[in-house]
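Residue numbers (our numbering), protein chains in the order written: chain Y, 1 to 280; chain H, 1 to 305; chain D, 1 to 415.
It is possible that part of the hints are untrue.
Claimed, not checked - With a straight-line Cα cutoff of 25 Å, these simulated BS3-like cross-link-like pairs (lysine-lysine) come out:
| id | chain 1 | residue 1 | chain 2 | residue 2 |
| --- | --- | --- | --- | --- |
| 1 | Y | Lys-134 | H | Lys-61 |
| 2 | D | Lys-255 | H | Lys-147 |
| 3 | H | Lys-147 | D | Lys-171 |
Since the hints were derived computationally from the structure, they do not count as laboratory data.
These numbers come from a predicted model, not from an experiment.
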Amino acid sequence: MSDFAQPRLTLGRLTIHATLLLACAVYLVPLIVMLLTSFKTPEDIRTGNLLSWPEAFSAMGWLTAWDSIGGYFWNSVKIVIPAVLISTALGALNGYVLSMWRFRGSQLFFGLLLFGCFLPFQVILLPASFTLGKLGLANTTTGLVLVHVVYGLAFTTLFFRNFYVSVPDALVRAARLDGAGFFTIFGRILLPMSVPIIMVCLIWQFTQIWNDFLFGVVFASGDTQPVTVALNNLVNTSTGAKRYNVDMAAAMIAGLPTLVVYVVAGKYFLRGLTAGAVKG
Amino acid sequence: MSSIALQARPAKASPLDALQRWLPKLVLAPSMLIVLVGFYAYIGWTFLLSFTNSRFMPSYKWVGLQQYERLWDNDRWWVASQNLLVFGGLFIAISLLIGVVLAVLLDQRIRREGLIRTIYLYPMALSMIVTGTAWQWLLNPGLGLDKLLRDWGWEGFRFDWLVDPDRVIYCLVIAAVWQASGFVMALFLAGLRSVDQSIIRAAQVDGASLPTIYLRIVLPSLRPVFFSALMILAHIAIKSFDLVAAMTAGGPGYSSDLPAMFMYAHTFTRGQMGLGAASAMLMLGAVMAIIVPYLYSELRNKRHV
Amino acid sequence: MNAFHRLALSVSLALPVLAHAGEVEVLHWWTSGGEKRAADTLQKLVEQKGHSWKDFAVAGGGGEAAMTVLKTRAVSGNPPSAAQIKGPDIQEWGELGLLANLDDTAKSERWDELLPEQVRKIMQYDGSYVAVPVNVHRVNWLWINPEVFEKAGATPPKTLDEFFAAADKLKAVGFIPVAHGGQPWQDGTVFEGFVLSILGPDDYHKAFVELDNDTLTGDKMVQAFTALKKLRDYIDADAAGREWNRATGMVIDGKAGMQIMGDWAKSEFTAANKVAGKDYQCLPFPGTQGSFAFNIDSLAMFKLSNDDNRKAQEDLARTVLEPEFQTFFNQNKGSIPVRQDQDMSEFDACAQQSMTDFKEAAKGSGLQPSLTHGMAASSYVQGAVFDVVTNFFNDPKADPQKAAKQLAAAIKAVQ
Numbered sequence: 001m002s003d004f005a006q007p008r009l010t011l012g013r014l015t016i017h018a019t020l021l022l023a024c025a026v027y028l029v030p031l032i033v034m035l036l037t038s039f040k041t042p043e044d045i046r047t048g049n050l051l052s053w054p055e056a057f058s059a060m061g062w063l064t065a066w067d068s069i070g071g072y073f074w075n076s077v078k079i080v081i082p083a084v085l086i087s088t089a090l091g092a093l094n095g096y097v098l099s100m101w102r103f104r105g106s107q108l109f110f111g112l113l114l115f116g117c118f119l120p121f122q123v124i125l126l127p128a129s130f131t132l133g134k135l136g137l138a139n140t141t142t143g144l145v146l147v148h149v150v151y152g153l154a155f156t157t158l159f160f161r162n163f164y165v166s167v168p169d170a171l172v173r174a175a176r177l178d179g180a181g182f183f184t185i186f187g188r189i190l191l192p193m194s195v196p197i198i199m200v201c202l203i204w205q206f207t208q209i210w211n212d213f214l215f216g217v218v219f220a221s222g223d224t225q226p227v228t229v230a231l232n233n234l235v236n237t238s239t240g241a242k243r244y245n246v247d248m249a250a251a252m253i254a255g256l257p258t259l260v261v262y263v264v265a266g267k268y269f270l271r272g273l274t275a276g277a278v279k280g
Numbered sequence: 001m002s003s004i005a006l007q008a009r010p011a012k013a014s015p016l017d018a019l020q021r022w023l024p025k026l027v028l029a030p031s032m033l034i035v036l037v038g039f040y041a042y043i044g045w046t047f048l049l050s051f052t053n054s055r056f057m058p059s060y061k062w063v064g065l066q067q068y069e070r071l072w073d074n075d076r077w078w079v080a081s082q083n084l085l086v087f088g089g090l091f092i093a094i095s096l097l098i099g100v101v102l103a104v105l106l107d108q109r110i111r112r113e114g115l116i117r118t119i120y121l122y123p124m125a126l127s128m129i130v131t132g133t134a135w136q137w138l139l140n141p142g143l144g145l146d147k148l149l150r151d152w153g154w155e156g157f158r159f160d161w162l163v164d165p166d167r168v169i170y171c172l173v174i175a176a177v178w179q180a181s182g183f184v185m186a187l188f189l190a191g192l193r194s195v196d197q198s199i200i201r202a203a204q205v206d207g208a209s210l211p212t213i214y215l216r217i218v219l220p221s222l223r224p225v226f227f228s229a230l231m232i233l234a235h236i237a238i239k240s241f242d243l244v245a246a247m248t249a250g251g252p253g254y255s256s257d258l259p260a261m262f263m264y265a266h267t268f269t270r271g272q273m274g275l276g277a278a279s280a281m282l283m284l285g286a287v288m289a290i291i292v293p294y295l296y297s298e299l300r301n302k303r304h305v
Numbered sequence: 001m002n003a004f005h006r007l008a009l010s011v012s013l014a015l016p017v018l019a020h021a022g023e024v025e026v027l028h029w030w031t032s033g034g035e036k037r038a039a040d041t042l043q044k045l046v047e048q049k050g051h052s053w054k055d056f057a058v059a060g061g062g063g064e065a066a067m068t069v070l071k072t073r074a075v076s077g078n079p080p081s082a083a084q085i086k087g088p089d090i091q092e093w094g095e096l097g098l099l100a101n102l103d104d105t106a107k108s109e110r111w112d113e114l115l116p117e118q119v120r121k122i123m124q125y126d127g128s129y130v131a132v133p134v135n136v137h138r139v140n141w142l143w144i145n146p147e148v149f150e151k152a153g154a155t156p157p158k159t160l161d162e163f164f165a166a167a168d169k170l171k172a173v174g175f176i177p178v179a180h181g182g183q184p185w186q187d188g189t190v191f192e193g194f195v196l197s198i199l200g201p202d203d204y205h206k207a208f209v210e211l212d213n214d215t216l217t218g219d220k221m222v223q224a225f226t227a228l229k230k231l232r233d234y235i236d237a238d239a240a241g242r243e244w245n246r247a248t249g250m251v252i253d254g255k256a257g258m259q260i261m262g263d264w265a266k267s268e269f270t271a272a273n274k275v276a277g278k279d280y281q282c283l284p285f286p287g288t289q290g291s292f293a294f295n296i297d298s299l300a301m302f303k304l305s306n307d308d309n310r311k312a313q314e315d316l317a318r319t320v321l322e323p324e325f326q327t328f329f330n331q332n333k334g335s336i337p338v339r340q341d342q343d344m345s346e347f348d349a350c351a352q353q354s355m356t357d358f359k360e361a362a363k364g365s366g367l368q369p370s371l372t373h374g375m376a377a378s379s380y381v382q383g384a385v386f387d388v389v390t391n392f393f394n395d396p397k398a399d400p401q402k403a404a405k406q407l408a409a410a411i412k413a414v415q
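Here chain Y stands alone, though its shape is the one from the complex (with noise of 0.2 Å):
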């Protein structure tokens, strides 16, 4: 947008700023009272209000936090990262057949698959695990890179179907009469160009996974659980005095890959969405 002049100020302009600057507050406050009240004592929780300034910084929560749930942390570093990688592979290729090598049939099964983003997934966690541990992987973090990848599939589908879609057709046609091959189009023509949409997948399908409480809970134990469940287990307490400072501190530590990434690459995420992703 450099070619245009930064408008005059006006009025107009004033109160878009306003507005937009509000907007932002909103947004900037659970951030900013989870923060403080992570650096909080107990005591000082208590007497304070939200928005209160810590009477000393203390990294306590912080500590203590990262004493509990760091160990699941790490587990949900191996649960993520293949479970993104194969989802966003099978994706990419299924976005890949069913938009430039549609067959009868093709369209029924991108609107069954379609159908499965609404699933709500307490319909499934009984058959699901029954068929874990018919083959071996009740609570192992494979177990879990197989449940993600196979409910993630359905938005990793859409992401690139519909983003092959608004690739002309003529591009692949070409490509066919010089006598290229599946693979070939799809690694040298598609793959290329795919790179914000891969991201744009990439981040969802982290977001998602990492954020996950249901299937982590229901389909590992001990050892293997995710962050989130550790989260739970740590937040909800049955007895014992509430320690805001630590609940806070434990779930900005769980956060904090997410956020990051959203920060870092958020950019690349709307980016990607501008390139076709959002084309419906």
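Please arrange chains H and D on chain Y, whose structure you already have, making use of the hints.
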């Protein structure tokens, strides 16, 4: 269906070519299997359970429509269903409205747009559990916003929607809108950026005002974005189980219960698996009633590609 | 922490490692504060016997999350060695044929002599032991801040009339009379207290164990609902969703005068360095003297195929009933030991009274299972009661007469 596969088929068919023709189907096969088993066979199994008297664990004693009749008579189920309508409707409408407004405002060549965009977008990165925990505390009467504004001198301030059975559902809406509206903004902003600038300039030359240009020309061209946003919001609304669990646990009483909570509680904690399965099927039926016509029309429109 | 030192000593001096080491996986929701310390100790004792311990903690909703996980584990054909299962739900699991037979261990450890009959019945399926009890909680307690009572000129109540009279006095001086948290199980705990007080233990049994329709819709049940409705005037407006321990905190801080809660509330007082009988008082819920609504935590044992693991499972069951563990665990949790021969001298005044009352109540009909805590009826009846009670308590216009009918109808609907 003007499939490119047909037009491009070579004259001579060799085994390699046959493989080439089958390759797309082979590549799609694992996913098809996954979808058929992991989605539809499992749904079928739940459907079967909804006609049994399964309690603690699955059993296959047929009771016909009895579970559905019990659901019909269950007051809590009606509260939950009604709540989903209120919550889903308000959440989707408000998120779309805020998202569109912010996107249009942010499209006015604002300095530091990147930073502002990130601020609007970040709540989407958090899990519903974290959002619910944070907002439960923010809206907590006595501890949260209530106390803050009174500390700041607004003596008579009282905000107790979280403990008011008639209003608690709006608290869920507030938290959910906070989480998702920035994402909707991002979707629309991306859409706005892909609108052909020359059309806008032409309209400007014709003397149309900026609001008119947006309302008449730009936003109508964003119909696909609108539907994508609707899809994702509906997806969140139907699944907002974590949010309710973390924020109100369905309370006070069961005034903020949602069908997903109802189904979970009855299937897993109350040993009413048959009833839970029946409620899941009704949920699914409602989703189908809304989504399938949309999917159908969208897929039909795409056939010309 | 005298007991803790002794326990640590006994752990370090324990016998050499046994030849066959197995693994125990224990599903529980003892994840916080004193509970977690107690669970860690159990782990240490089991490891001392040469077995390895696989911790399987799932917190949340008083074990609701854990039950979900347990069901999916059982469906996948891979249950843990032991799981925290309570009351009649043990029978449900037994019926599915999933639980292990502990009769040999029970015989060699003389469980028949150690455990009172009412407890034994719950731990057995089809005449055989399938679970081991960990502790006994008393649910019908009233916790009082004597300083607040003194300021208001109120006297600790023994009857329901005195209870509401004291509440009026507390209210008049500006205290919150009753600290309460508006969660279904807390509403249920309070309701259960009123029912036990107004109906008496025999009719309580008829209503909540036999699920007798006439008792459920009777005049006295209507009275119990009326009393519950009356209680609404004595709690603060912010109660909804409040955790029980924050309600206890209000009594400790002197903001509120009383709390109706089970003896786990004691762990909060202890954590705040308050002394039983001096800084706070524990009274049986007004009108329930001589009755004891119990809530027993237990570990049900699942059938295992591996012999070493089965041995480890038996050792776990044995360890749970060892006096050292019983003392340490129960001091941390606020409950009393389940062993009838336990030395109570190291326990505080409330626990000692609880033990005396327990033994007394066990002789007659006073010992009754808590419905709210899943001891009286299966989880589906419990859930149905929660729905009716919590909805009634949160609706200012609710009619007690109608509520009693709804209660009976809801219970009937799930049977």
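Against the structure, the hints:
no.: 1; hint: Lys-134(Y) / Lys-61(H); result: holds, 24 Å
no.: 2; hint: Lys-255(D) / Lys-147(H); result: holds, 17 Å
no.: 3; hint: Lys-147(H) / Lys-171(D); result: holds, 22 Å
When held up to the earlier numbered hints, the structure conflicts with none and fits them all.
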